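Trainee: All chains should be built: construct the whole structure from the sequences, respecting the hints.
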Amino acid sequence: MWGQYSYGLFVVMVAAVIAFFALARERDDLHKLLLLDLVEIVGLGVIALLGTDLAEALILPGLTVGIAELLALSQIYCTKEGIREMPVRGLNIEVIAKADAPLIISIFLVTYGMILSGFTGGAVAGLGLVVLFISRSYREDLNLLEMASGISWALWIFAFFVFMFLPEYWFVALMLAAIGILLKVTVKMSLVGTMWGEQHD
Amino acid sequence: MIDLIGGIPYYILEFGDELVYFTPYTITLFLLALTFTVLVIISRPEKQVDIAFGGDAYRTKEISLPEMRFRRFMAIACGLASMGAMVTGDIFNFALFTAMVGITNVGIVAAVKSPHVQDAAYQYGLVALAATIPLFAGAAVYAAAIGSLSMIELMKGTLPAVPLIAKAMLVIGVVGEGMAPFYAAKAEMFRAPGAPYVIMCSLSSLLIFLRVVEIVMLG
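Each protein sequence line maps, in turn, to chains A and B.
By our numbering, the letter at position 76 of the first sequence is numbered 361, and the numbering carries on one by one without gaps.
By our numbering, the letter at position 71 of the second sequence is numbered 174, and the numbering carries on one by one without gaps.
I should point out that these hints are in silico values taken from the structure, not numbers from a laboratory.
Only a predicted model underlies this, so the values are computations on that prediction, with no experimental measurement involved.
Cβ atoms here follow ideal geometry from the backbone N, Cα and C, with glycine treated the same way.
A hint or two may mislead.
If we take Cβ atoms under 7 Å as the criterion, some of the chain A residues that face chain B in the derived model are [as the list claims (entries may be wrong)]:
| id | residue |
| --- | --- |
| 1 | Glu325 |
| 2 | Ile332 |
| 3 | Leu335 |
| 4 | Gly336 |
| 5 | Leu343 |
| 6 | Pro346 |
| 7 | Glu354 |
| 8 | Leu356 |
| 9 | Leu358 |
| 10 | Thr364 |
| 11 | Lys365 |
| 12 | Ile368 |
Using 25 Å as the maximum straight-line C-alpha spacing, the simulated PhoX-like pairs for lysine-lysine come out as follows [stated by the list, open to error]:
| id | chain 1 | residue 1 | chain 2 | residue 2 |
| --- | --- | --- | --- | --- |
| 13 | B | Lys150 | A | Lys365 |
| 14 | A | Lys365 | B | Lys164 |
| 15 | A | Lys365 | B | Lys216 |
Mentor: Structure follows, in C-alpha cells:
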C-alpha cells in the first residue's frame, strides 16, 4: 500500500516540477496565474492519493481555498491592468440558440443529477443548467434563484443539527441534507457565468 | 504522557475530530493576535504623509472611507484566521487557516489604488498560491504516514515518527505565506497607507511561523 502511494507521490512530484519549471520561465503575469492553477490541481493529487474518505473531505477545502485565491488574484489582475467590465452575453451562436440539443442535454443532465443526489448530483444538474443558460442567453432576474440557494443551504445546515442533537431521526436528516445540498449546488452552479458582472443594489 | 514544546495544555476542547487546545505557548500567541485584532477594530487609521526630500513641502494622502472599511474588514478577518491558526489542534485546519491568512493579506492591500502596491500584492499572491501546494500536501503526507491529523495524538508520542518530508513541506508552505526568502513582494505591499491594517499582514505571518515551529517539534 505504501509502495503504491510512494509511486503516486513520485508522479505528482515530477508533474509539479515540470509545472514549476514552466512557471520559472514564464514572464507574463496572467500566464503565471494560469500555470499556478495547473500546479495547484496537480498538487491536490497528493491529497487524493490518500484514497480514503478523509481525502475527499480534505480535497474540498483545498480546492475551495485554491479557487478563492485564484478569484482574488484575477480580480487584482483586472484592477492592476485597468481592465474594465466586459458584459458576457452567452454564446450568441444562432444555430445553438435555436437548436434543441442544449435543451435535451440539459434535461438529461438534470435528471441524472436528481438520481445521483447529494453534492455530485448537484454539480451534474448544475452543469446541465449552465449549458442551457449559456446557449439560450437568458436575461432574467435571478435573485429568486439566489434566494432558493440560500434557503436550501439553511436546510442542509439544519439537517446537520439534527444529526448532532437528534441522532434518532438520522434518516429524515439524511434526506434533508441530500435535497438541500442538491438544490444548493445546482443553483450555485447554474448561476456561474450567468450572473457575471451584474450589479445589485 | 504528554511531553511537548509548548508546555502542558491548560484546556482541550474536543468536538469530534475538531479540537482546540491552549498551551502556555499557544495562549500567548492567541492573546497577541486577539490584542492586535481589537486594536484594528478600535483604532483610527493613519494618513500617510509624503515629505519632499530636502524641502519643507509635505502632503497627506487622501483615502476614501469605503476603501478603509474594506481594509478594516480584511484586517479583522486576518486576525480571526491568525487566532484560529494559533489554537487549532488539527494540522489540516492549521493549513486552511494559513491559506486564509494568505488570502486576507492580499485583501488588506487589494483596495489600494497605487499600481506599485497592486503589483506587489499580485506577485505576493502568486507566491502564496504556490505555497498552498506544499502546505496542503504536507498535511496530506502527515495523514498518510501517521494516520492522524490531531496534534493531541502527536503529543502522546504513540504514533509513528513523522517523515521529514512532511515537516519540510509544511514549513515551506508557511514560509511561502510571507516569511524570509519570499518576503520581498510583501515588503513592497507595506507602501500601502493605513498603519494598523498593514501591520496585520506582518504580524499574522510572524504568528503563523511561530506556531508551525511548535507543530513541527511535536511529532
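Trainee: Now tell me if each hint is right for this structure.
Mentor: A quick look at each hint next to the structure:
{"no.": "1", "hint": "Glu325", "in the structure": "holds (6 Å)"}
{"no.": "2", "hint": "Ile332", "in the structure": "holds (4 Å)"}
{"no.": "3", "hint": "Leu335", "in the structure": "holds (6 Å)"}
{"no.": "4", "hint": "Gly336", "in the structure": "violated (9 Å)"}
{"no.": "5", "hint": "Leu343", "in the structure": "holds (6 Å)"}
{"no.": "6", "hint": "Pro346", "in the structure": "holds (6 Å)"}
{"no.": "7", "hint": "Glu354", "in the structure": "holds (5 Å)"}
{"no.": "8", "hint": "Leu356", "in the structure": "violated (9 Å)"}
{"no.": "9", "hint": "Leu358", "in the structure": "holds (4 Å)"}
{"no.": "10", "hint": "Thr364", "in the structure": "holds (6 Å)"}
{"no.": "11", "hint": "Lys365", "in the structure": "holds (4 Å)"}
{"no.": "12", "hint": "Ile368", "in the structure": "violated (12 Å)"}
{"no.": "13", "hint": "B:Lys150 <-> A:Lys365", "in the structure": "holds (23 Å)"}
{"no.": "14", "hint": "A:Lys365 <-> B:Lys164", "in the structure": "holds (20 Å)"}
{"no.": "15", "hint": "A:Lys365 <-> B:Lys216", "in the structure": "holds (9 Å)"}
Of the numbered hints given earlier, the model fails hints 4, 8, 12; all others are met.
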